[in-house]
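Peer 1: Listed below, chain by chain, are the residues.
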Amino acid sequence: NAGVTQTPKFRILKIGQSMTLQCTQDMNHNYMYWYRQDPGMGLKLIYYSVGAGITDKGEVPNGYNVSRSTTEDFPLRLELAAPSQTSVYFCASSSPHEGLLLPSGNTIYFGEGSWLTVV
Amino acid sequence: QKEVEQNSGPLSVPEGAIASLNCTYSDRGSQSFFWYRQYSGKSPELIMFIYSNGDKEDGRFTAQLNKASQYVSLLIRDSQPSDSATYLCAVYGGATNKLIFGTGTLLAVQP
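Here the protein sequences come in this chain order: A and B.
At position 6 of the first sequence (counting the first as 1) the number is 6 in this note's numbering, and the numbers step up by one without a gap.
Numbers given in this note's numbering equal positions in the second sequence, counted from 1, plus 1000.
I should point out that these hints are in silico values taken from the structure, not numbers from a laboratory.
Model, not experiment: these values are computed from the prediction.
A virtual CB, placed ideally from N, CA and C, is assigned to each residue, including glycine.
Mixed in with the good hints there might be a few duds.
Capping the alpha-carbon separation at 35 Å, the derived lysine-lysine pairs in DSBU-like fashion look like this [said to hold, decoys possible]:
id: 1; chain 1: A; residue 1: K9; chain 2: A; residue 2: K44
id: 2; chain 1: A; residue 1: K57; chain 2: B; residue 2: K1067
id: 3; chain 1: B; residue 1: K1067; chain 2: A; residue 2: K44
id: 4; chain 1: B; residue 1: K1067; chain 2: A; residue 2: K9
id: 5; chain 1: A; residue 1: K14; chain 2: B; residue 2: K1002
id: 6; chain 1: A; residue 1: K9; chain 2: B; residue 2: K1098
id: 7; chain 1: A; residue 1: K44; chain 2: A; residue 2: K14
id: 8; chain 1: B; residue 1: K1042; chain 2: B; residue 2: K1098
id: 9; chain 1: A; residue 1: K9; chain 2: B; residue 2: K1042
id: 10; chain 1: A; residue 1: K57; chain 2: B; residue 2: K1042
id: 11; chain 1: B; residue 1: K1042; chain 2: A; residue 2: K44
id: 12; chain 1: B; residue 1: K1098; chain 2: A; residue 2: K57
id: 13; chain 1: B; residue 1: K1098; chain 2: B; residue 2: K1067
id: 14; chain 1: B; residue 1: K1002; chain 2: B; residue 2: K1042
id: 15; chain 1: B; residue 1: K1056; chain 2: B; residue 2: K1067
id: 16; chain 1: B; residue 1: K1098; chain 2: B; residue 2: K1056
id: 17; chain 1: B; residue 1: K1098; chain 2: B; residue 2: K1002
id: 18; chain 1: B; residue 1: K1002; chain 2: B; residue 2: K1056
id: 19; chain 1: A; residue 1: K57; chain 2: B; residue 2: K1056
id: 20; chain 1: B; residue 1: K1067; chain 2: A; residue 2: K14
id: 21; chain 1: B; residue 1: K1042; chain 2: B; residue 2: K1067
id: 22; chain 1: A; residue 1: K57; chain 2: A; residue 2: K44
id: 23; chain 1: A; residue 1: K14; chain 2: B; residue 2: K1056
Chain A is nowhere near these chain B residues, computed Cβ spacing over 10 Å in every case [said to hold, decoys possible]:
id: 24; residue: G1029
id: 25; residue: S1052
id: 26; residue: Q1070
id: 27; residue: S1082
Each pair of labels, with its calculated beta carbon distance range [claimed, not checked]:
id: 28; chain 1: A; residue 1: S84; chain 2: B; residue 2: D1078; range: 39 to 45 Å
id: 29; chain 1: A; residue 1: D38; chain 2: B; residue 2: P1014; range: 29 to 35 Å
id: 30; chain 1: A; residue 1: G16; chain 2: B; residue 2: N1066; range: 46 to 52 Å
id: 31; chain 1: B; residue 1: K1056; chain 2: A; residue 2: A52; range: 44 to 50 Å
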C-alpha cells in the first residue's frame, strides 16, 4: 500500500532556483494538501485542492504554485527559491466525511515529508 | 490572535503520570478537533478526534472538548517514555473550511 508518496525526500537548492515537489496518492482521495513545517513549529497550510482542476490558497501560499490535473497528483512548485522556504514539506490527502463535501481529519494521510534547504 | 494555540513546552512528566495537553481555538464555528502525535523527523499520526462536547476515551488517551470555552485537551494516562513526542492540535471547519494546526507541545516522559 503506497498511500501518499512524496519526492524528493531531501533537496538543497540555491537562492533563485526553482523546483517541483511531487506528490501522488493511490487512494482515490478528492482532497489533497501541502503543508510546511518549520523547526519547532506546527504545520502551515500552503495550498489545497478539493478535486482535479480545483486548487485554493492556504495560510502561506506566497512563493508557491500548485496544479491538480489528475486526482492522483498534486505537485508543488517553488519559483525563485528563498532561504525563508527552508522547511519540511508534507503532502497529505483525505476523503470526504460521510458523503459530505468536508474533509475528515480522521482520514487524512500524510506523506513522509520532503526536507528542503535553500542556501 | 492565532487560530489554534498551544503551549510549546516542553512538558515534562514522570513515567506513569498523567500528561495534560491543552489547545485553544479562535473560530467558534469550528466543527472537528484532532490530536496528532509527531516524532522527530516523522510525519504526524492521528491519535484522537472529537466532534462533540465532553470526553472521548480511547485506551490511555482521553480527548476533552468544551466548545463554549473554545478549548480542547488531551490527557495521556500512565505516560510512557515512548509517548515522548510533539503533540499537534488541529481544528477543522468554521470560516476557513480548512484543517489548521497549532504549533505543537513537546512532551517529555522521564523514566
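Peer 1: None of the hints should be skipped; say for each whether it holds.
Peer 2: Evaluation of the provided hints:
Distance check on the hinted pair: K9(A) and K44(A) sit about 19 Å apart at the alpha-carbon level, within 35 Å; holds. Restraint check for K57(A) and K1067(B): the C-alpha separation of about 27 Å stays at or below 35 Å, so the hint holds. The suggested pairing of K1067(B) with K44(A) holds, with an alpha-carbon distance near 23 Å, which does not exceed 35 Å. Among the hinted pairs, K1067(B) with K9(A) is inconsistent with the structure: their alpha-carbon atoms are about 39 Å apart, more than 35 Å.
Only pairs whose Cα atoms come within 35 Å are accepted, and K14(A) paired with K1002(B) is accepted, the gap being roughly 32 Å. For the suggested pair K9(A) and K1098(B), the alpha carbons sit about 26 Å apart, so the restraint of at most 35 Å is met. A hinted pair counts as satisfied when its Cα atoms are at most 35 Å apart, and K44(A) with K14(A) qualifies at roughly 23 Å. Of the supplied pair hints, the one linking K1042(B) and K1098(B) holds, its CA atoms being roughly 22 Å apart against a limit of 35 Å.
Taking the CA atoms of K9(A) and K1042(B), the gap is about 12 Å. The hint holds against a cut of 35 Å. Distance restraint check for K57(A) and K1042(B): the Cα-Cα separation of roughly 25 Å lies within the 35 Å cut-off, and the hinted pair is therefore satisfied. Using a Cα cut-off of 35 Å, the hinted pair K1042(B) and K44(A) holds, with the two alpha carbons roughly 16 Å apart. Between the alpha carbons of K1098(B) and K57(A) the distance comes to roughly 10 Å, so the proposed pair stays at or under 35 Å and holds.
Between K1098(B) and K1067(B) the CA atoms are separated by roughly 18 Å; this keeps the pair inside 35 Å, and the hint holds. Proposed proximity of K1002(B) and K1042(B) is supported: the alpha carbons are some 25 Å apart, at most 35 Å. Distance hint between K1056(B) and K1067(B) is fulfilled; the C-alpha atoms sit about 14 Å from each other, no more than 35 Å. With a C-alpha separation of about 23 Å, the suggested pair K1098(B) and K1056(B) falls inside the 35 Å cut-off, and the hint holds.
Pair hint K1098(B) plus K1002(B) holds up; C-alpha atoms about 15 Å apart against a cutoff of 35 Å. Our distance criterion of 35 Å between C-alpha atoms is met by K1002(B) and K1056(B), whose separation comes to about 26 Å. Taking the CA atoms of K57(A) and K1056(B), the gap is near 33 Å; set against the 35 Å cutoff, the hint holds. In summary, the hint linking K1067(B) to K14(A) is not supported, as the alpha carbons are separated by about 46 Å, beyond the 35 Å threshold.
Between K1042(B) and K1067(B), the direct Cα distance comes to roughly 31 Å. Compliance with the 35 Å bound is thereby established for this hinted pair. For the hint linking K57(A) to K44(A), the alpha-carbon distance of about 11 Å falls within 35 Å, and the restraint holds. Our distance criterion of 35 Å between C-alpha atoms is broken by K14(A) and K1056(B), whose separation comes to about 48 Å. Distance check on G1029(B): its Cβ is at least 13 Å (rounded) from any Cβ of chain A, clearing the 10 Å threshold; non-interface status holds.
Every Cβ of chain A is farther than 10 Å from the Cβ of S1052(B); the closest lies at roughly 14 Å, confirming the non-interface assignment. Here Q1070(B) stays apart from chain A, with its beta-carbon at least about 17 Å from theirs, past the 10 Å limit. Every CB of chain A lies more than 10 Å from the CB of S1082(B), the least distance being 20 Å, so the non-interface label holds. Checked against the hint of 39 to 45 Å, the pair S84(A) and D1078(B) passes, with Cβ atoms roughly 42 Å apart.
Between D38(A) and P1014(B) the beta carbon distance is about 31 Å. The supplied range of 29 to 35 Å therefore holds. Checked against the hint of 46 to 52 Å, the C-beta distance between G16(A) and N1066(B) comes to roughly 49 Å, which is consistent with it. With their beta carbons about 35 Å apart, K1056(B) and A52(A) fall outside the hinted range of 44 to 50 Å.
Hint check: violations occur at hints 4, 20, 23, 31; the rest are consistent with the structure.
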